[in-house]
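Chemist: Heads up: the protein sequence lines correspond to chains A and B, in order. Following this note's numbering, the residues of the first sequence are numbered contiguously, the last one being 320. Following this note's numbering, the residues of the second sequence are numbered contiguously, the last one being 210.
Below, computed lysine-lysine pairings styled on DSBU-like, alpha-carbon distance capped at 30 Å:
hint, chain 1, residue 1, chain 2, residue 2
1, B, LYS207, A, LYS178
2, B, LYS115, A, LYS228
3, A, LYS268, B, LYS104
4, B, LYS114, A, LYS225
5, B, LYS115, A, LYS272
6, A, LYS269, B, LYS59
7, A, LYS228, A, LYS156
8, A, LYS216, B, LYS201
Quick caveat, the hints were computed from the structure, so don't treat them as lab data. This one's a predicted model, so the numbers in the text were calculated from it and none came from an experiment.
One-letter residues, chain by chain:
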Amino acid sequence: MRNILYLLFIMVVTVHSQEKMTTVEATLLKEKVKAQAAETKTITSDFIQYKHLDFLTNDIITKGDLSFKTPNMVKWSYVDPFVYSVIFKDENLYINDEGQKSDVNLSSSKLFKQLNKLIVNSVKGDMFDANEFEISYFKYKGNSDVHFIPINKKISKYIKAFHIQFNSKGDVVEIKMIEPSDDYTRIVFSNRILNKTLSDAVFAH
Amino acid sequence: MRYLLISICICLVGCASYTKKNNFKEVAVTNDVVYNPYFSDASKDYVYKAKIEVYNKTFGGIFIVKKIAEANHRVVFTTEMGSKIFDFSFQGDDFKVNYILEEMDKKILLNILEKDFRVLVREEEHVFNKSVKENTTLLETEIASKKYFYAFKNDQLNSISRVKKGKEKVQFIFSDISAITAKNIQILHHNIKLTIKLKSIN
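Just chain B, with the same shape it has in the complex:
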């Protein structure tokens, strides 16, 4: 009986929603679309110096994003000396590998990169729930059947979190923001040792 009570308690805590756990209060959805403006300007070449930390190994390169058309982005990673490491296209829900270095052509890695960059470049998505706490608003949405929370502080998108069973699995943190450009972006994985840090260089 005691174990049952403990189990119920654990479940109640563990299953508590991400918003409730963080003391957000659910409110009515007023605008049912959430926007990420940081890769929305088709006239701009987005160029970042990248540092990727994976299982205590760090390597760098140049991370490039270009909006080709509506819901169509090109995402390319090269070494500092210019050799291409990967080159992806995101068009609507489609994903195409234009090029990937043979040594990196692993399905498990490709899946992670596809998921991360799809979220990064996705400009708008349907909102299912809205909750607020002080000057922060959380908008809940779904991308490729995964649950995401977009956190806005004073109407500025500060982070996107992929959440599973009330826990953050991946966080996208935007900082040093001017107008619609995030000069610093961090993608932090909490379930695997992978961090991608991007710093704008143009």
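The following block holds chain A by itself, in its conformation from the complex:
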């Protein structure tokens, strides 16, 4: 009897943490995020990245900041425990690895272009494309948690799912990229500021 009670308790907790949204709630969220993304010209934010590998005792934690400017410039800068930045601009990746600069042209690889587009879109949270993803909507600790499962087999070979958490304003607070092996990268944003003036020089290599 006690075991059944425990089991029920666990089930209630699980259901509570992953409650599915109604169709109306999901539509409202989608509209809110899309409207927010359309108005977003720039984003700056701090982030903490947790790399989870199942066999490790602790997640690998790296910290840095993110800058985004329309239409499609993104810069990820890591400052701790190493200094490294990568700029996604036009069809190139510009890397600065502790002062050592290099670049990668993505124009010849359709797949990398697609992955690149996903990264840019996930920063804004606007990935609501039913042709590209199987999308499901959940409520999680006062936030919205949306699961995007890539339909394209070439993409799903690299990423099994994106889980994006939105706050009540429809702004992205967390991105989780899950690999086919179930290892994942979780990025938690803080101090996220929208539409602050951001010079192009930020994205210069």
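Given the structure of chain A, go ahead and fit chain B onto it with the hints provided.
Modeler: Relative to chain A, chain B alone:
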């Protein structure tokens, strides 16, 4: 006749053993096991920032080693943003590729990486010969039928060299060592343009 003499001379120099060439003196083997302690703590996650230089191209990433059990290590390389590039398991003499990015799935490359990382994580091996010079001891062993020399200075493992015909082919150099952790590791290939530099970040 003169050519024969020259050939003999070249052979004598070329075939001279690695230890003799470096003025080491052979002594009796006292402990027949050599230990590499740098990936021996199963409670520790070994995380390194990596720079790989291959044919004048450099790329970086995160290099991760975890001891899962005795003679069982997981070796993973990811980009800075967390995407996995490769994921290997070394268990005893077995080698398993859990994952490798399609673009890197080349047999010749896999062979090199397998050989390098097998040596890096191998904790103990049988010693065949021992030689000394001042405060440095060289212990000769064999891993996967290749000859290796472990160099200890004041009982601290400083380098491992793969040697063929008296010449160093690959060197593993450990520095900035505290207790049983090497904060800096370099894997230098002398026969191909490949260098792997690892710097501990945890």
